[in-house]
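> Those protein sequence lines, which keep their order, are chains U and D.
Anchor point for the first sequence: position 370 equals 370 in the numbering used here, and the numbering is continuous, going up by one each time.
Anchor point for the second sequence: position 285 equals 285 in the numbering used here, and the numbering is continuous, going up by one each time.
Think of the hints as simulated: they come from the structure by calculation, not from any bench.
Check the hints yourself; a few may be wrong.
[Said to hold, decoys possible] Simulated pairs of lysine-lysine, DSSO-like, Cα-Cα distance not exceeding 27 Å:
| hint | chain 1 | residue 1 | chain 2 | residue 2 |
| --- | --- | --- | --- | --- |
| 1 | D | Lys-185 | U | Lys-90 |
| 2 | D | Lys-18 | U | Lys-48 |
| 3 | D | Lys-185 | U | Lys-270 |
| 4 | D | Lys-11 | D | Lys-109 |
| 5 | D | Lys-185 | U | Lys-437 |
| 6 | U | Lys-90 | D | Lys-213 |
| 7 | D | Lys-89 | D | Lys-11 |
| 8 | D | Lys-62 | D | Lys-325 |
| 9 | D | Lys-144 | U | Lys-90 |
| 10 | U | Lys-180 | D | Lys-325 |
| 11 | U | Lys-420 | U | Lys-401 |
| 12 | D | Lys-314 | U | Lys-180 |
| 13 | D | Lys-325 | U | Lys-138 |
| 14 | D | Lys-11 | U | Lys-48 |
| 15 | D | Lys-63 | U | Lys-127 |
| 16 | D | Lys-138 | U | Lys-90 |
| 17 | U | Lys-420 | D | Lys-185 |
| 18 | D | Lys-116 | U | Lys-82 |
| 19 | U | Lys-429 | U | Lys-302 |
| 20 | D | Lys-63 | U | Lys-267 |
| 21 | D | Lys-14 | U | Lys-48 |
| 22 | D | Lys-325 | U | Lys-127 |
| 23 | D | Lys-140 | U | Lys-90 |
| 24 | D | Lys-144 | U | Lys-267 |
| 25 | U | Lys-112 | D | Lys-89 |
| 26 | D | Lys-213 | U | Lys-437 |
| 27 | D | Lys-368 | U | Lys-227 |
| 28 | D | Lys-89 | U | Lys-48 |
| 29 | U | Lys-127 | D | Lys-62 |
| 30 | D | Lys-144 | U | Lys-270 |
| 31 | D | Lys-89 | U | Lys-127 |
| 32 | U | Lys-401 | U | Lys-227 |
| 33 | D | Lys-327 | U | Lys-180 |
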Amino acid sequence: MEDLATIAIEAALKVGASFADVRIENTSTTIIEINDGVSKQSMASRLKGAGIRAFIEGAWAFAQTTDLTPAGMRSTGESVAKMALATREKVAERFEIDGPTFQDRFEYKVKKPFRSISIDEKMSLVKMIDDQSRDFDKRIVSTRSIYGDMHTELYIANSLGTNVYVENSIPRIISAPTVKDGANRQRIVKSLGLRGGYEVMDADEAQNIGNAAAELVIELLSSVAAKGGSYDVVMDPILNGVMIHEAFGHATEADNWPSHTTVLEDKVGKEVGPEYLSITDDPTMDGKRGSYEYDWEGTKTKKRTLVKDGILTELLHTLETSSRLDMEPNGAARSQSFMHAPLSRMSNTFMEPGDWDLDELVQDTKNGILLCSFNYGYTRPSVGQFMFQASHGYIIENGEKGQMVRDVSLAGNILEILSKVDAIGNDFKLDAGSCGKGGQTVPTMSGGPHARILDVPIGGM
Amino acid sequence: MNDSLLEIGEKAIKLAEKMGSEQAEVYVAQSRAYEIEAENNAIKGASEQIDAGIGIRTVIGKKIGFAYVTTLDASDIEEAITNSLNLAKASFEDPDFVTLPSSVGSYQKAKNIFNKEVDELSSEEAALLLIRTIDATKEKLEGKDYAISAAIQSSSSSSAIVNSLGIAMAEARTSISLYAYPVIKEGEDQTASYEYQISRALNDIDPEYIGTKAAELALGFLRPQTIEGGEMPVIFAPLGASTILGSGFAGAVNAEEVQMGRSYIADAFGENIASEALEIIDDGTIPGGLGTRTFDAEGYRSQRTPVIESGVLKNLLHNSYTSNKDKVDNTGNAARPSYSGLPRISTSNFIVTPGKGTLDDFIAEMDKGIVCRNTGDRPNMTTGELSAMVMEGYYVENGEIQHPLKNTLIGINMRDLLQRVSQVGSDSRKTFSMVTPSFVIESANVTSG
Chain U
1 MEDLATIAIE AALKVGASFA DVRIENTSTT IIEINDGVSK QSMASRLKGA GIRAFIEGAW
61 AFAQTTDLTP AGMRSTGESV AKMALATREK VAERFEIDGP TFQDRFEYKV KKPFRSISID
121 EKMSLVKMID DQSRDFDKRI VSTRSIYGDM HTELYIANSL GTNVYVENSI PRIISAPTVK
181 DGANRQRIVK SLGLRGGYEV MDADEAQNIG NAAAELVIEL LSSVAAKGGS YDVVMDPILN
241 GVMIHEAFGH ATEADNWPSH TTVLEDKVGK EVGPEYLSIT DDPTMDGKRG SYEYDWEGTK
301 TKKRTLVKDG ILTELLHTLE TSSRLDMEPN GAARSQSFMH APLSRMSNTF MEPGDWDLDE
361 LVQDTKNGIL LCSFNYGYTR PSVGQFMFQA SHGYIIENGE KGQMVRDVSL AGNILEILSK
421 VDAIGNDFKL DAGSCGKGGQ TVPTMSGGPH ARILDVPIGG M
Chain D
1 MNDSLLEIGE KAIKLAEKMG SEQAEVYVAQ SRAYEIEAEN NAIKGASEQI DAGIGIRTVI
61 GKKIGFAYVT TLDASDIEEA ITNSLNLAKA SFEDPDFVTL PSSVGSYQKA KNIFNKEVDE
121 LSSEEAALLL IRTIDATKEK LEGKDYAISA AIQSSSSSSA IVNSLGIAMA EARTSISLYA
181 YPVIKEGEDQ TASYEYQISR ALNDIDPEYI GTKAAELALG FLRPQTIEGG EMPVIFAPLG
241 ASTILGSGFA GAVNAEEVQM GRSYIADAFG ENIASEALEI IDDGTIPGGL GTRTFDAEGY
301 RSQRTPVIES GVLKNLLHNS YTSNKDKVDN TGNAARPSYS GLPRISTSNF IVTPGKGTLD
361 DFIAEMDKGI VCRNTGDRPN MTTGELSAMV MEGYYVENGE IQHPLKNTLI GINMRDLLQR
421 VSQVGSDSRK TFSMVTPSFV IESANVTSG
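The following block holds chain U by itself, in its conformation from the complex (with noise of 0.2 Å):
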């Protein structure tokens, strides 16, 4: 790989790019998809192909290709480097690429290998997982449970001198019933993900996600609509984490600034949140499924303290942009595949733990809502706007939990909303995530302690 990676690199810098870098990629995947008892999605996939990007003075070209040898590496680096330089007489910034190299090889080691587990026995757990949640209670009327593992080999290098040899191995198990009772129907999704092989699933948790997403759904039977207005909330570590992501991470990616696309432009090194308020990104974490050693630029990765104590202090880094903004690279540049170039993305992402117990915070809110894990949840960074809805949670009414509620959605502003943080909880919690941007999907975890908000309006029906 090294030695095409080398001519792809080569060709490029001959045509004149200042700099090129290559990613060759190969990746295998399984799905498992099990509705009702029966196969619905048996599907196997192989990710075979190299992404090469050429920059000169600051334009940008990517290409893509699956002809893996020396004459279509050649080819590919000679295009993508001649699109460069058609793009750098439009370009209106001048820069350059820089930043420190490293040669490594990095073997993931787990204990099961997936390719050393038979169809068989993986198809055997999500039947069991399928028939699990449907002989849980018999108002189950359709029951859905997927698992998918994905091993990929990647192979980075570019043209200051860095060449990096990665593996990583995510796994993953979903179970997701409807249950129906007269006119009431409900449904919820579970899951588990976390790196590592096969090993991960004989765990506890994921070997009765079927049972656990079952007792959930038949207790959404007797849920409401939540009513609409300005509450108190207190969220659970998966859906703080989801908050954490969507209204104040994905503001954090160092791309925004060049483009001038955050409401956060203005306030790094200065406060963002409260004082006992400190946010952290963090790919080193063991066994977590956002985790990485080297990112897709080949930068080795650490760990970044976003906010420390209420003030902003880091930012989540590509090449360009560490190179652009003068600041110290994080290793944050990811990408779904070869097929696409790398941005600046998050991994696993969570607000530090506070002192507070969960019991004493739930006593201490007179009038509010504990909201317990997600459904979905989107921003946009330019306008500092974000949303997110949790899956269900509990009515609290003088520091009571009560009547149960379902999907609760939650709008508010980036720059308002971690000022209203106002408890943070001793316990912590990760949850595992896929995170879309730019039309690319990257595994990812958030989460945290139990927090409160002050008065945040929630959707009713």
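Starting from the known structure of chain U, fit chain D onto it as the hints suggest.
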């Protein structure tokens, strides 16, 4: 190119049958996409994606496997067939599976879905269109503190579907889209908006319109305010309408979701589910439509399918599996993400029949209510409950826009929303997911704060 794709497909089918597949289907596709991006008012980069791959569905009895690979090399195709067959063998039988589709009746050849100008668009011409867009935006924002992001994307693709029951279809398509996204700063206030066009043909794209409109919209969203909530009428402009109906309703008439009991209209077939004002048709045959095709993602012929007529739910959208299961006609709505997935169900061109009036007319007629230009939200597909953030919208009183909105949510059940449509406009536009005008609903629960 179509002939060579068909040839690869035929060869793969023969090999799959030789290796033990009782029925087999191949989806093979090749595409070239070109994109130029601009940030902070200037061009920044270009990218070219040349993609080719193959997906193979194999059937043994009532067991189905699928595998795909991102190359068209013979050895990779053979590995994919092996994987697909192994997965089929290990699968649990689906008693409702009957057969892959066969070629039935005559196909209506799709018109105006391949545009030579898009196919041959040079990088210089594309860059020029993008610069014209940015210039138009700049002109409208003169004197303001702004940063414009924009991009143009064109693509030309061919796909072929071959199966062991005699289907062998191939078709080429183009598409082009262009957007402008200006961010404006004014004191402590920062806002943004966007406009775009998407089409199969180059001459439908109007860079000056996109640039000017994006700038006007962004200016209109400065200094947003919250309002006092409550029950009030809501006007959905075409983009908002397209999210609410194109995803929030289209997903509910997907026959697979209905069969699984996961759709909020599960028990409503043939019933009155909407106001008389609302008529929705799925039509895969209109000339030049973004969803127009001679055949669907399983090679089955495209057709025109009424979904809501006079308020009554007339048809669900089917592929071969769901139509065989329900013993009804296939509507030709199989859809897949190119070669990299199994056929599911999606709309072709999902069209709201135009009525009378425009967005401006509806605002002028409104006593007190809000306009939702856009939202990113979808309902709970099982209960129909929708809680949508007004991503861009206005507060209206006495027939006039008073101010833009912030932190505002609309709450309503989709079943009520469909029944409360009081007016449907004539200002239809193409969006990424449908063709729709503005429409008005009598009332929804609005929360703001």
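> Are the hints correct? Go through all of them and say.
Quick rundown of the hints versus the structure:
1. D:Lys-185 / U:Lys-90: holds, 25 Å
2. D:Lys-18 / U:Lys-48: Distance of about 26 Å is within 27 Å: holds.
3. D:Lys-185 / U:Lys-270: Within the cut-off at roughly 19 Å; holds.
4. D:Lys-11 / D:Lys-109: Given that 27 Å is the threshold and the Cα spacing comes to 25 Å, the pair holds.
5. D:Lys-185 / U:Lys-437: Within the cut-off at roughly 23 Å; holds.
6. U:Lys-90 / D:Lys-213: holds, 24 Å
7. D:Lys-89 / D:Lys-11: holds, 22 Å
8. D:Lys-62 / D:Lys-325: Between Lys-62 of chain D and Lys-325 of chain D the Cα gap is close to 13 Å, so the pair holds against 27 Å.
9. D:Lys-144 / U:Lys-90: Distance ~23 Å between Lys-144 of chain D and Lys-90 of chain U Cα, so the pair holds.
10. U:Lys-180 / D:Lys-325: holds, 22 Å
11. U:Lys-420 / U:Lys-401: Satisfied, since the Cα-Cα distance of roughly 22 Å is no more than 27 Å.
12. D:Lys-314 / U:Lys-180: Holds: Lys-314 of chain D and Lys-180 of chain U sit about 25 Å apart, inside 27 Å.
13. D:Lys-325 / U:Lys-138: holds, 23 Å
14. D:Lys-11 / U:Lys-48: Roughly 22 Å between the alpha carbons, so the hint for Lys-11 of chain D and Lys-48 of chain U holds.
15. D:Lys-63 / U:Lys-127: Since the Cα atoms of Lys-63 of chain D and Lys-127 of chain U sit roughly 15 Å apart, the hinted pair holds (cutoff 27 Å).
16. D:Lys-138 / U:Lys-90: holds, 16 Å
17. U:Lys-420 / D:Lys-185: holds, 24 Å
18. D:Lys-116 / U:Lys-82: holds, 24 Å
19. U:Lys-429 / U:Lys-302: holds, 20 Å
20. D:Lys-63 / U:Lys-267: Between Lys-63 of chain D and Lys-267 of chain U the Cα gap is close to 57 Å, so the pair fails against 27 Å, i.e. violated.
21. D:Lys-14 / U:Lys-48: holds, 24 Å
22. D:Lys-325 / U:Lys-127: holds, 22 Å
23. D:Lys-140 / U:Lys-90: Given that 27 Å is the threshold and the Cα spacing comes to 21 Å, the pair holds.
24. D:Lys-144 / U:Lys-267: Holds: Lys-144 of chain D and Lys-267 of chain U sit about 21 Å apart, inside 27 Å.
25. U:Lys-112 / D:Lys-89: Given that 27 Å is the threshold and the Cα spacing comes to 23 Å, the pair holds.
26. D:Lys-213 / U:Lys-437: Status holds; Cα separation ~25 Å.
27. D:Lys-368 / U:Lys-227: Cα-Cα ~22 Å, so holds.
28. D:Lys-89 / U:Lys-48: Distance of about 25 Å is within 27 Å: holds.
29. U:Lys-127 / D:Lys-62: Holds - the C-alpha atoms of Lys-62 of chain D and Lys-127 of chain U are around 17 Å apart, at most 27 Å.
30. D:Lys-144 / U:Lys-270: holds, 25 Å
31. D:Lys-89 / U:Lys-127: Since the Cα atoms of Lys-89 of chain D and Lys-127 of chain U sit roughly 15 Å apart, the hinted pair holds (cutoff 27 Å).
32. U:Lys-401 / U:Lys-227: holds, 16 Å
33. D:Lys-327 / U:Lys-180: holds, 25 Å
Consistency with the previously given hints fails for number 20 only.
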